[in-house]
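Protein chains in written order, with my numbering: chain Y, 499 to 833; chain G, 124 to 484.
Since the hints were made in silico from the structure, they are not lab data.
Any given hint could be a false lead.
Said to hold, decoys possible - Over the 12 angstroms line for every Cβ pair with chain G, so calculated as not near, a few chain Y residues:
1. Phe522
2. Ile545
3. Leu771
4. Lys781
As the list claims (entries may be wrong) - Here are the in silico distance ranges between beta carbons for each label pair:
5. G:Glu414 x Y:Gly508: 40 to 46 angstroms
6. Y:Lys520 x G:Asn281: 49 to 55 angstroms
7. G:Met204 x Y:Ile503: 21 to 27 angstroms
8. Y:Lys734 x G:Glu445: 32 to 38 angstroms
9. Y:Leu517 x G:Asp206: 55 to 61 angstroms
10. G:Asn251 x Y:Lys625: 44 to 50 angstroms
11. G:Gly232 x Y:Leu517: 53 to 59 angstroms
12. G:Met204 x Y:Lys618: 52 to 58 angstroms
13. Y:Pro597 x G:Asp206: 26 to 32 angstroms
14. Y:Asp784 x G:Lys356: 46 to 52 angstroms
15. Y:Pro660 x G:Leu142: 32 to 38 angstroms
16. G:Lys439 x Y:Lys805: 31 to 37 angstroms
17. G:Gly232 x Y:Arg687: 47 to 53 angstroms
18. G:Val424 x Y:Arg687: 48 to 54 angstroms
From a predicted model like this one, the values you see are computed outputs, not experimental measurements.
Glycine included, each C-beta is placed from N, C-alpha and C at the ideal position.
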Amino acid sequence: MKEFISLNQGSGGKFTHELIEKVFIKRFGMAEPLTDSAIIKESGFNIAFTTDSYVVDPLFFPGGNIGKLAICGTVNDLAVSGAVPMYISASFIIEEGFPLNDLIEITESMAEEASKAGVKIVTGDTKVVGKGKCDKLFITTSGTGILKPDFVRISTGKGIKPGDKLIINGPLGNHAIAVLSVRNNLSFRTTVTSDCASLNHLIQTVLQSCTEILFMRDLTRGGLATVLNELAGMIKSGIMINELSIPVDDPVKGLCEVLGFDPLYLANEGKVLIVAGSGEEQKVLDILRSDPLGKDSEIIGEIVQDKHELVLLNTSVGGRRILDMPSGEQFPRIC
Amino acid sequence: MKYIDEFRNKDLVAKLADLINKSVIRDYTFMEVCGGHTAAIHRFGLKSLLPGNVRLISGPGCPVCVTETDFIDKAIAYSRMKDVIITTFGDLLKVPGSTSSLEKEKAAGADVRIVLSGLNALEIARLNSGKKIIFLGIGFETTAPGTAVTIKQADEENIKNFFLLSAHKLMPPAMEAIIKEGVRLDGFICPGHVAAITGSSIFNFIPERYNLGCVVTGFEPYDILQSILMLIKQVNKNTPKVEIEYNRAVTIGGNSMAQRHMSEVFEPCNTRWRGFGVILLSGLTLRKVYEKFNVENKIPVKINYQADNELCICGKILRGLETPDDCPLFAEICYPENPLGACMVSNEGACNSWYKYSQVK
Numbered sequence: 499m500k501e502f503i504s505l506n507q508g509s510g511g512k513f514t515h516e517l518i519e520k521v522f523i524k525r526f527g528m529a530e531p532l533t534d535s536a537i538i539k540e541s542g543f544n545i546a547f548t549t550d551s552y553v554v555d556p557l558f559f560p561g562g563n564i565g566k567l568a569i570c571g572t573v574n575d576l577a578v579s580g581a582v583p584m585y586i587s588a589s590f591i592i593e594e595g596f597p598l599n600d601l602i603e604i605t606e607s608m609a610e611e612a613s614k615a616g617v618k619i620v621t622g623d624t625k626v627v628g629k630g631k632c633d634k635l636f637i638t639t640s641g642t643g644i645l646k647p648d649f650v651r652i653s654t655g656k657g658i659k660p661g662d663k664l665i666i667n668g669p670l671g672n673h674a675i676a677v678l679s680v681r682n683n684l685s686f687r688t689t690v691t692s693d694c695a696s697l698n699h700l701i702q703t704v705l706q707s708c709t710e711i712l713f714m715r716d717l718t719r720g721g722l723a724t725v726l727n728e729l730a731g732m733i734k735s736g737i738m739i740n741e742l743s744i745p746v747d748d749p750v751k752g753l754c755e756v757l758g759f760d761p762l763y764l765a766n767e768g769k770v771l772i773v774a775g776s777g778e779e780q781k782v783l784d785i786l787r788s789d790p791l792g793k794d795s796e797i798i799g800e801i802v803q804d805k806h807e808l809v810l811l812n813t814s815v816g817g818r819r820i821l822d823m824p825s826g827e828q829f830p831r832i833c
Numbered sequence: 124m125k126y127i128d129e130f131r132n133k134d135l136v137a138k139l140a141d142l143i144n145k146s147v148i149r150d151y152t153f154m155e156v157c158g159g160h161t162a163a164i165h166r167f168g169l170k171s172l173l174p175g176n177v178r179l180i181s182g183p184g185c186p187v188c189v190t191e192t193d194f195i196d197k198a199i200a201y202s203r204m205k206d207v208i209i210t211t212f213g214d215l216l217k218v219p220g221s222t223s224s225l226e227k228e229k230a231a232g233a234d235v236r237i238v239l240s241g242l243n244a245l246e247i248a249r250l251n252s253g254k255k256i257i258f259l260g261i262g263f264e265t266t267a268p269g270t271a272v273t274i275k276q277a278d279e280e281n282i283k284n285f286f287l288l289s290a291h292k293l294m295p296p297a298m299e300a301i302i303k304e305g306v307r308l309d310g311f312i313c314p315g316h317v318a319a320i321t322g323s324s325i326f327n328f329i330p331e332r333y334n335l336g337c338v339v340t341g342f343e344p345y346d347i348l349q350s351i352l353m354l355i356k357q358v359n360k361n362t363p364k365v366e367i368e369y370n371r372a373v374t375i376g377g378n379s380m381a382q383r384h385m386s387e388v389f390e391p392c393n394t395r396w397r398g399f400g401v402i403l404l405s406g407l408t409l410r411k412v413y414e415k416f417n418v419e420n421k422i423p424v425k426i427n428y429q430a431d432n433e434l435c436i437c438g439k440i441l442r443g444l445e446t447p448d449d450c451p452l453f454a455e456i457c458y459p460e461n462p463l464g465a466c467m468v469s470n471e472g473a474c475n476s477w478y479k480y481s482q483v484k
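Excised from the complex, chain Y in its bound form (with noise of 0.2 angstroms):
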C-alpha cells in the first residue's frame, strides 16, 4: 500500500520525530541536538533564528486567535533559546472567499502582540488560493534574535547534571481545552482561555538575574511529556517529575477526565520550563512568581542519574510510573 501523510505525523511526538528525521534531516542535514531556534555564529554575533507555521483551527479561539498565536510562538521560540527577539517575518496564506474584517482583526493582533514583546514585523508575503485549497488561513512566521555568548548552552542543555531542578511557570493544558472548547463537533462549553502569551521579557528577567539557567524550552505541541522526554535523550539523564506539584486547573483536570486525556501531554502556548541549577531553583521561583505570566510557577521534579534516561513521574497518589512520549494524536475515548 501507498504510504501517505496522516494527522499522527503532526502531533509532535514520536511520528513527527520519525518524519523529520527520515524525511528531512536524511535531506537537509542537521546540526544537532535540534532545537527551536537555531544559532548561528555571524561577524562575533550569536544569532537565534526560527520558524513556525500556524494551522489552529478554529482561528477565533478563547484568549486569543492564529495571528497572536503567530507572534508568541514565534517570540517564545527565540526567548527560550536565550535571545532577545528583534524581528519577524510573516507569510499568510489565505482562502479566496476569506473575510477581510477577520484578516483585519487578526493582523491587529498581531501588531498588537509584536508591540507588546518588542518585536518588528519586517517583511512577509500574501499567497491567496482557490476556495478548499487551503483551510481559511495559514499563517507562517519567522524570527530571529541575538544572545549573549554566555547563553548559547542553553538549548542544548549542556551543564545539567543530577539535581538541577526543574521548574515551569503555570498550569498545564489550557490553550488546548480552549481551542477544542470551540471546535464545532465538541459539544462542551468552558471557562478555560488559552494561555498564549509572548514569554520574552519574563525570561529576560530571569537571565538576566540568574547564572544558573541550565535550559529553557516552551511547553507547545506534545506537552511537558514531549519536552522531557526530549530533554532526557539529550543529556543522556533520567528526570523524576511530582504529579502533585505540576500545577493543572479545574476546569482542565475536569475535561481531561471526560475526554481521556492526558493534561502532561496537551499543547500550551505560554509555557516554558526551565531547569534551574541546584541551589538557584529557589531565585528563580521567586522571580517568575512575581510577574502575573509566571504567578503560578512550580518546582515539578529533578534531574536525577539514570543511564536509561527515563523520565519518571511519582503519581499524585505515591505510585511510580514511567512518563512516555505521546505516539500520535490524543484522541477522545469511547466512555
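Put chain G on the given structure of chain Y with help from the hints.
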C-alpha cells in the same frame, strides 16, 4: 477538585494500601474487567502500592480490544464508498484491520470524522443530506443507551441518510465465558459505568452460580484500592457477594430509563469477540422496527476475512490467561505506534497500558 481530588488523596491511599497489606493472608487474583480500571491502575502506578501476593489481571472490558478485525474491515470498506461519511469514537481510528486502519484510510482521502456521541453523528447527517452517514456503534451497556436514543431520534425525524454499524456488546456473558474458560480467579473488580446503567444486580449470578465475589468499582485510585480490600475480605471470610463500592454512581437497579431505551431499540444476538470467538447472546443488534438503520442490511459489503497475526496473544490476554509480558511480540514489534493486536491500540487496552505506564519499583 471536587469528586476527584478526594479520591486521589495521597494519605488516604497510603492508609488503604496499609490496610490491604495487613489483610492479606494468602495469594489473590482479581480481574479488573473494565479497560478504564486497567488504565487507572497503570496511570497511577497502583500495582507498585500493592503487596506481591495480590495479582491483578486485565479482562475483556476495553470495547476497542474485543472488537473483531472484520468489524474494522467492514468500516474500512464503507469508508471507501462514494458519498459516505464514517463517524466514530476516536479510539477506533488506529485499530488495525486486516490490511489497513481508518486512520490510514482518512489520510488516503476517506471522510472519517471523530464524534463524542451518536447525536454528534446525527447532526452531521442533518447537515449532509446528500451523503450517507455511518455511525460505528461500539461499547458495552455504557454507550449502547446513547446509540439507542440516537436511533430513536433519527426515526422520529425520519432521517434517511443515517446508519448504524453495531458492535455493541454485553458485559455479563463475557465474564461468564471467562469463568467457564477456567481462569483461576478470586473475584471481579466490576465495571462501574456499565453498572451505573444496568445496576449491580446483573452480576448477582456470579457469586450465586460460581462462588466468586464482585465489587462494582469507581475509577479513582481510592475506589480501586477500596474494592481490592473489599474483595480480599470477601475471600478471607469466604462470603462471595456483589458489593457496590462506587455507590456515588451505582445502585442495585440502575438507570431504568437508559435500560428501557436500550431494550426498545436493541435485542441480544450472538456475536464474535476478539480472542473469545462467538459468545451466545452477547451482542446487540437493532430490533426489526429499526432495521432500516442497520447499514449491513441496507448497504451490504463483502470483506475478505483474515485471521489475526498467529503470534499475537491478545485473545489469551483478554481472557486473563496470559499477560502482555508473555507475548513474543510485546514491545518488540508490537508497540503503540505499530499495534498488531487491538490490546495495544486503545488507551484502555492491557498491552497499551503496560507499555506506556510500565511499573517502576
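Now for the hints, and whether the structure bears them out:
Here Phe522 of chain Y stays apart from chain G, with its beta-carbon at least about 19 angstroms from theirs, past the 12 angstroms limit. Every beta carbon of chain G lies more than 12 angstroms from that of Ile545 of chain Y, the smallest distance being close to 36 angstroms; the non-interface claim holds. For Leu771 of chain Y, the non-interface assignment is confirmed: its Cβ lies about 21 angstroms from the closest Cβ of chain G, beyond the 12 angstroms cut-off. Every C-beta of chain G lies more than 12 angstroms from that of Lys781 of chain Y, the closest at about 29 angstroms, which supports listing it as non-interface.
At about 41 angstroms, the beta-carbon gap between Glu414 of chain G and Gly508 of chain Y stays in the expected band of 40 to 46 angstroms. Taking the beta carbon of each, Lys520 of chain Y and Asn281 of chain G are about 51 angstroms apart, inside 49 to 55 angstroms as hinted. Distance hint for Met204 of chain G and Ile503 of chain Y: a CB-CB separation of about 23 angstroms, consistent with the stated range 21 to 27 angstroms. With their beta carbons about 35 angstroms apart, Lys734 of chain Y and Glu445 of chain G fall inside the hinted range of 32 to 38 angstroms.
For the pair Leu517 of chain Y and Asp206 of chain G, the supplied restraint of 55 to 61 angstroms is violated, since their beta-carbon distance comes to about 32 angstroms. Against the hinted window of 44 to 50 angstroms, the Cβ-Cβ separation of Asn251 of chain G and Lys625 of chain Y comes to about 30 angstroms, which falls outside the hint. Hint check: Gly232 of chain G to Leu517 of chain Y, Cβ distance near 19 angstroms, so the stated range 53 to 59 angstroms is violated. Met204 of chain G and Lys618 of chain Y have their C-beta atoms about 53 angstroms apart, which keeps the hinted 52 to 58 angstroms range intact.
Checked against the hint of 26 to 32 angstroms, the pair Pro597 of chain Y and Asp206 of chain G passes, with Cβ atoms roughly 30 angstroms apart. Separation of Asp784 of chain Y from Lys356 of chain G is about 50 angstroms and conforms to the stated range, judged on CB atoms against 46 to 52 angstroms. Judged by the Cβ atoms, the range 32 to 38 angstroms given for Pro660 of chain Y and Leu142 of chain G holds: they are separated by roughly 36 angstroms. Look at Lys439 of chain G against Lys805 of chain Y: about 34 angstroms separates their beta carbons, and that is inside 31 to 37 angstroms.
Checked against the hint of 47 to 53 angstroms, the C-beta distance between Gly232 of chain G and Arg687 of chain Y comes to roughly 33 angstroms, which is inconsistent with it. About 39 angstroms separates the C-beta atoms of Val424 of chain G and Arg687 of chain Y, a value inconsistent with the hinted range of 48 to 54 angstroms.
In this structure, the hints that do not hold are numbers 9, 10, 11, 17 and 18, in rising order.
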